[in-house]
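Peer 1: Here's the letter readout for the chains.
2 protein chains.
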Amino acid sequence: MITPAKERFLRCHFAIPRLGEDHAIAIAGAVVSPRSLTLPELRSMPSVIETVVTECAGNGRAMLDPPVSGEQWAHRAVSAAQWTGVPLRSVLELAESAVEVVFTGADGGQYQRSLPRDVALDEGTLLAYEMNGEPIPARFGGPVRLVVPGWYGMASVKWLARIEAVEKPFHGEFQTHKYVYAPGVPVTRIRIKSMFVGLPGHVRTGTPARLSGLAWGGEGVLRVEVEIDGQPHEARLFGPALPYSWRRFELIWPPQATGRHTVACRATDVAGSSQPDEPEWNPLGYGMNAVQRVEIVAI
Amino acid sequence: MITPAKERFLRCHFAIPRLGEDHAIAIAGAVVSPRSLTLPELRSMPSVIETVVTECAGNGRAMLDPPVSGEQWAHRAVSAAQWTGVPLRSVLELAESAVEVVFTGADGGQYQRSLPRDVALDEGTLLAYEMNGEPIPARFGGPVRLVVPGWYGMASVKWLARIEAVEKPFHGEFQTHKYVYAPGVPVTRIRIKSMFVGLPGHVRTGTPARLSGLAWGGEGVLRVEVEIDGQPHEARLFGPALPYSWRRFELIWPPQATGRHTVACRATDVAGSSQPDEPEWNPLGYGMNAVQRVEIVAI
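From first to last, the protein sequence lines stand for chains A and B.
Take the first sequence: its position 233, counting from 1, is numbered 233 in my numbering, and each next residue is one higher.
In my numbering, each residue carries its 1-based index in the second sequence increased by 1000.
None of these hints come from the bench; they were simulated from the model.
Quick caveat: nothing in here was measured; it's all calculated off a predicted structure.
C-beta: ideal position from N, C-alpha, C; glycine also.
Do not take every clue at face value.
[To be verified] What follows is a list of derived Cβ distance ranges for each label pair:
no. : chain 1 : residue 1 : chain 2 : residue 2 : range
1   : A       : 294       : B       : 1299      : 51 to 61 angstroms
2   : A       : 137       : B       : 1139      : 18 to 28 angstroms
3   : A       : 137       : B       : 1242      : 21 to 31 angstroms
4   : A       : 293       : B       : 1227      : 54 to 64 angstroms
5   : B       : 1279      : A       : 254       : 33 to 43 angstroms
6   : A       : 33        : B       : 1219      : 41 to 51 angstroms
Here chain A stands alone, though its shape is the one from the complex (with noise of 0.2 angstroms):
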């Protein structure tokens, strides 16, 4: 399932520049070499396209902006988009030297955020050009921006301006004092999470009814249970199995009592997570994972 632009969520800390066909990207710091690269010669490299679910690492916490009525809490701050791009690592060769990559945005130049060296040499990592097979809008973060595949959006650095490998950790305010879980750790990649979709409003006893969502995580989904009045069911995964997006899941259940029943999805990751019952509580609110409850009524 891919999402549509129109309904993509959207997250920005500062006014959305608008670049040119002129704009360039500075590649410094502790690299091989240093070089200015432009749209055209990206583009000019052969690309890939990755599909990339994204998460806002606030998901949860309705910090939605702006605001949008009318939808589902869960469709609002994750999404799937195919990426078409280059692999950072095509463009970067790191000095010896090099801890991270500290990534810039042109949005007034005070949005950073690094990477460490192994997560910024990763294959899974693009500078992006294309959102869906189309020229990424401003609005999310055209002409380029980084993807990182895994990890929340923040990491995700939208119009990208400047990339600068450094031979010290980073210590920038969306570093350090943002998307932090506590001083001195911080948010990285998405937990597991799962969420149903497309729930009926109401079911009716002697008929099966289908119970169906969505599954991600940054270590990747190994199963998904639906539990209904407590009882977990293990759900069957289905549709394609991409590396970096989220799995369909389905349970069907034939509700034998009328009334209302209690349904709920918990996703197990591979490294072997699973979704708390409750959120941990953490103070500005990032990685709410807790498992999703909905009442359904069967009549």
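Let chain A serve as the given structure and place chain B on it in line with the hints.
Peer 2: Okay, now just chain B, sitting in the frame of chain A:
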């Protein structure tokens, strides 16, 4: 690339029916067990997701109904969607005597199409009930439609109401009089085709330009050549290679001379067929798959 619903093409022969949750599909004729299949029954079966490119057999002759202004020709009557559904062969056990299966839509009962036995039982042929992760909108055939990957759109009967296995070839209006290249020569699988997407309006000498697009066909895409002023160049295929979807292609072209250049794209399918230079005329204007030529100015 998935086409959002609002950009998907629309072509119907009759009025769009509005069917409720009590809609059921009759399965009849030369089958082992005639039955009625309800929507809850269908959804309670193991589902699959297929990304399928659908092209209208009349694409290329300005047949769009209603016409949409301002979009590129090639965008109009070809699109890709992710369909969730149940393989038809999971619900259909044919008698030995069945040679074809006739599908009837609920749009007044007049739109009927048949498939040969082997195509009806192909693992790709779906009874679909979701498009791009949501219930299929009525205008695109919901609540349930047939999806026949690799075939022009007329085969994928919308608002499916009846599935009847027959012991003689079917000769309905839309089988025999329409959707034929000539009497007795039916329109079937999608002919190999390609189109540019997002071509630059002009290019600059000395700056590499990216010529990119989409290629598709019922037999699968083997290769794409981009011709520049008559000289063919092998394009690079990239992105996901899904069995029923289209492929992206790209060629990086460093224009040498200012002035007008003609660029063209020509795909070849796995069976060895290539797009012709000129459309193959036929009385009803189906299966147009001539090479697309576009003029680009280098400055």
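Peer 1: For each hint, tell me whether it holds in the structure or not.
Peer 2: Hints versus structure:
{"no.": "1", "hint": "294/A to 1299/B: 51 to 61 angstroms", "verdict": "holds (58 angstroms)"}
{"no.": "2", "hint": "137/A to 1139/B: 18 to 28 angstroms", "verdict": "holds (26 angstroms)"}
{"no.": "3", "hint": "137/A to 1242/B: 21 to 31 angstroms", "verdict": "holds (25 angstroms)"}
{"no.": "4", "hint": "293/A to 1227/B: 54 to 64 angstroms", "verdict": "holds (59 angstroms)"}
{"no.": "5", "hint": "1279/B to 254/A: 33 to 43 angstroms", "verdict": "violated (54 angstroms)"}
{"no.": "6", "hint": "33/A to 1219/B: 41 to 51 angstroms", "verdict": "holds (45 angstroms)"}
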